[in-house]
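Line order of the protein sequences matches chains P and F. With our numbering, you'll find the first sequence wraps up at 469, consecutive numbering, no jumps. With our numbering, you'll find the second sequence wraps up at 942, consecutive numbering, no jumps.
These aren't lab readings, by the way, just hints derived from the structure by calculation. Treat the hints loosely; a few may be bogus.
A few chain P residues facing chain F, derived, Cβ under 7 Å [stated by the list, open to error]:
| id | residue |
| --- | --- |
| 1 | Tyr-206 |
| 2 | Gly-434 |
| 3 | Gly-448 |
| 4 | Thr-453 |
Just so you know, even glycine gets a beta-carbon here, dropped at the ideal spot from N, CA and C.
Spelled out, the chains give:
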Amino acid sequence: MRRLLYLGISALFPCLGGCATGAKMAYEDVPAARYAQRSGALSDTEMKMARIAWKYFENNLNTESGLVNAVDNYPSTSMWDTASYLAAIVAATELGIINREQSHDRIAAVIATFNRMPFFRDELPNKAYNAKTVEKVDYTNKPGEIGFSAIDLGRLLIWLKIIKERYPEHAEDIDRFVLRWNFDHLVDRTGTLYGAHLNKEKKVEYVQEGRLGYEEYAAKGFELWGIATELASRPEPYETVTTYGVSIPFDARDPRKTSQHNYVVSENYVLDGIEFNWGIACERNTNVRHYRPEWMANFANRVYQAQENRYRDSGIVTARSEHQLDQDPYFVYDTVYTDGFTWNTITDTGKHVPQFAAVSLKAALGMWVLWKSDYTDLLFQNIVNTYDPQKGYYEAILENGKGPIKAFTANNNGIMLEALLYKAQGKLLKWGKGKPGLWEKTLDEAYGDKAKTRFSFRRTNNPLCANAQ
Amino acid sequence: MMKSAKRGCLLVALLAVAVGLPGCGVAVRQAKNAVDFSRHEGKFGRYGRLTDQETQWAKVAWRYFENNTNPESGLVNAFDQYPTFSMWQVGDYLAALVAVHDLDLIDTLEFDRRMSQILQFLNTMDLSEKSLPGRLYNSVTGKMVNASNKPEDTGWSGVEIGRLLTWMKIIGLRYPQYREYLDKAVLRWNFCQVIDDAGTMYRVSRSGEKRQRTQEGRLGYEQLAGAGFAAWGFDTERLWRVARMESVTILGVPITYDARDPRLTGEQAPVSTMPWVLLGMEYGWRYPGESRSGVLINIDARQLAEQVYQVQEVRFERQGELTARTDYQLREPPLTIHDAVFVAGYPWNTVTADGDSAEERALVSTRAVFGMWGLWPGSYTDRLMQAVQNLFNPERGWYEGRLEQSGAAQASISLSTNAMVLETLLFKVRGQLFPHDTGIGYFQHKLDNVFERRVQCLPPDRPISSAEVARGS
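The shape of chain P in the complex, shown without the other chains (with noise of 0.2 Å):
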C-alpha cells in the first residue's frame, strides 16, 4: 500500500531528485525564513567555544589507529562519528586551532585506517568499530559484525568529499578507500538507499533505511560520488502535524510496521544548511539565496520555528536532537515529533522517556549559526558555558531543570565546531580545483583489464556534479 501511495505520487510530480513538489504541501513561509545566517569572523568568546570542543578531540584520539572514540574514553566509533570527527579537523585547521602539518597527519592517519579496516561480509564498513583495535564490533564493543548504515556511510561520503575538495592531497587515497566499497546491497539503481542488519537467526537482511531529513541528506553523499539516488532524495512520502501554529514535516513510513522512527529534531537540517546551504549536493553556486530545493529550505525553516515558537507559548527553551545520555538508557531521540507525538523523548525501542528531554548544544549552536534571532541568541547564552575545560562540551541541558548531561561525545563537539566553521566561512563544501580523479577515472573506464562493472547502481548525469575538467 505504502509503495503504491508512493508512486502514485511522484506519478503526479515526475521531477528529478531535489526538484520541488509543489501541490503536497504549501511552502508558505515562516518568520525564520526571512531571518539571516550568522556569519563573520569569530568573536573571543566563539574562538574560546571552538578550543574547547576541539578538546574533545584531542583527548580521544587513539595513536593506533587514527581513530576518535565516539564517546568520551571509551574505544568504539561508528562511520557517522568519524565523519563527524573529520569535520572536527577541518573546522579546527580552517579556525588556526591546529596547524597544516597536525591536520594533515590526523586526516592521512583515519585514511590509512579506512584502507586497511575490515569490512562487514566484505561489503562495506561496519556500523561500528573498536577504535583502538579497528575490529568490527558490536554495539557492546565486543568483536563481531551487526550490519552496516546507509545514512553513517552517506554522511562519511560528503565528509570525504569536502576534504578531497579543500586538501586534494588525500584524493587518492579517499578514492582507494571508497573503491573498496561493494554498492551491490547498498543502492539499488532507483536511487534507494538500504542498510543491512543481522535478523534473529544472524542472517542479514537489507533494508530501505532513512527517514524524512536524513534519508535525503545522506542521498547527498551518493549524489557528491556520482551515485544517482533519485528516490532516497524526494522528500515522499511525508505527512504533516501542527505544533506551535507550524505544521512540521515527518516521515509517513509507519515506525510500528518498519522498525525505523520517524523522528523530527534540528540536527539534519542543521548538518544540510551549514554543509550544502540546503540546496542540492553539486549545487556551485556559494550564494546562500541561490536557488535550491524550495521543500528542503522550508522544511529547516519549520522545523526551527516550531522549537522557536515554543519557547515563546510555553517559556521551555527548545533545540532538540538525538542524544547521548550519561546514564541508562544511554541514548534518546529527543524530538519535535516522532511515531505519532509531537515533542516525544524515546529510546531507540520506543520506550516514552520525557525525563531525558534536552536542549541539545549541537542542536542549538547549529540553530544559533543559521537563524540569526533573539531566540538563537538565547540559546547561545544558555549553553555558551555548558563545558568541561578538560574534557569539552556536554552534551546537552536538561529540560527539567537537573542540569547538563554530563556526556562527551565526538559527534556533539564535531558538529559545534563546523557550525563555529560556518559562520567564518559559510557553506562548507567548498568546491576546489578538483580535477577527475581516481574514482572517477576507475568509475568511467570501460575499458582495459582493470574494468569492472558497477550496473547495480544508476550514474547521476547532474553536469553540475561532475567535477570541473
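Position chain F relative to chain P; hints supplied.
Quick look at chain F alone, frame taken from chain P:
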C-alpha cells in the same frame, strides 16, 4: 493437467482401498512422468519438470545475468563484473534467456525488453572488417575491443559466429515475432571469408597491420559450429563426412580425436565434454541441414559423445577420480584452459592454448557436470552433481568448478557456466532445443530475391557441390 491428475488420484485411492492397489502417489507420479516424457523432444537424456532444488539452481544462475547486464544496452559481461563478451557468449546468453523465460523465472515483458536490446545490438554493432561480428566487444560501450579490453578490431572467429547462428536460429523458430530482426542482423554480414564452399570455417586475427586468416575448429567444436551455419542454409555436411580422425584407447574405451597435429598447426585438438554436450542438447547429435550428397553421414556424433562420457565414468570407477572435464575460460591469463580427456598426445591432460601444461588447473567442471547430468541420467552423473551442487555464491552465480587436485573451488564466475546451468534445465523440461523448421521467413525471402543480390556469399551464391553434380541432380 494437475487438476485431472488429482481427480484421477482420488479415484485410484478409492480403488486402492477396495482392492489393495499400490498407493495413489505412485500412480500420479507415473502419470506425471508420462506427460513429462511426451513433452520431451527427442526422447533422450534426463526429462521432467524441475524440482524445487533445480528451480533454485536456475535462480542462482540467472542471478549472474541480473548482476551483469548493462541496463542501458542489455549487453552482458562474460565474467562477473568484467565488461567484455564474445559472440559465443551472446549465444550462451540467448540460450539462458530462452531458458528463464520458458521456465517462468522472468515474465514476457522482461524477456521482450532483453530481446529488444540484444536485437538492437546485433543490428547496429560495429562489424570487424565491416563484414562480421568481431572477436570481443565491450559491454559498457558496445564497441569492439582487444583481449586487454582496449578499443581495437582484432578480427573474428568462425566457430564463435557459428554458435551465435545456432541460437539466433533457435530463437527465430521458437519466437517467430523476432525472426525478421534476427534475419536482418545475419543479412548484415558478409560470409565470403568465414566459410568456404566446402563448409570449412575460418578465423581472422588482426594486429596492427598484420592480418592472418586460418582454418578454425577441431573435431567436436567444428561440427557444432558447422551445424550453426547449416541451420542457416550453408552446406557444412562435409565436416560430418570426411573429418580427419584418429583413435586412441583410454581405459579400454576407444576415443576419437582430431588428427590435425597441434605441433604443426599451433591449434590444440582436445577431446572434451562441452562440444558433444551442446551438440546433443541443441541438435540431438544430428546434422541440421539436408544431406544434399545423399551419402550417409559417417560421423556418428552420438557415438562419439557416448565415448567421451563413458571414459570419464570409467575413470571414476577404476581410479576413484571424479571426472567431468572440458575447456574453460579465465578472465586472466592463461585465459583458455583445455582440460581434456585427451589432448596434445596424452590422456587426462590439461594444457593452455599454447600447449603449456596446466595440470593443476584440472577441474570437475560445473558446466560439464550439468551437461553430463542432463544427457546421461544415472548414478555417476548424480554423483557428479553431488560434488558441484553447492559450488555457487547465491548472490553472484555458479562457480567454474572444483579443482581435481585439491578439491578447492575454482571460484571464478562466468557467463558460459551460468548459461549452461539454465540450458541444461531447459533441456530437462523440453528436450532437444533446436525445433523443427517452420516455414520460410525474411531471410529466405531475401535470398530468393534475385534482383537484389549483394556480394555476401550467402547460400544461393555458393556453387552446387561436385557430389551433387556427379549425381546429376
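query: For which of the previously enumerated hints does the structure constitute a violation, in increasing order of number?
result: Checked against the structure, the hints that fail are numbers 1 and 2, while the rest are satisfied.
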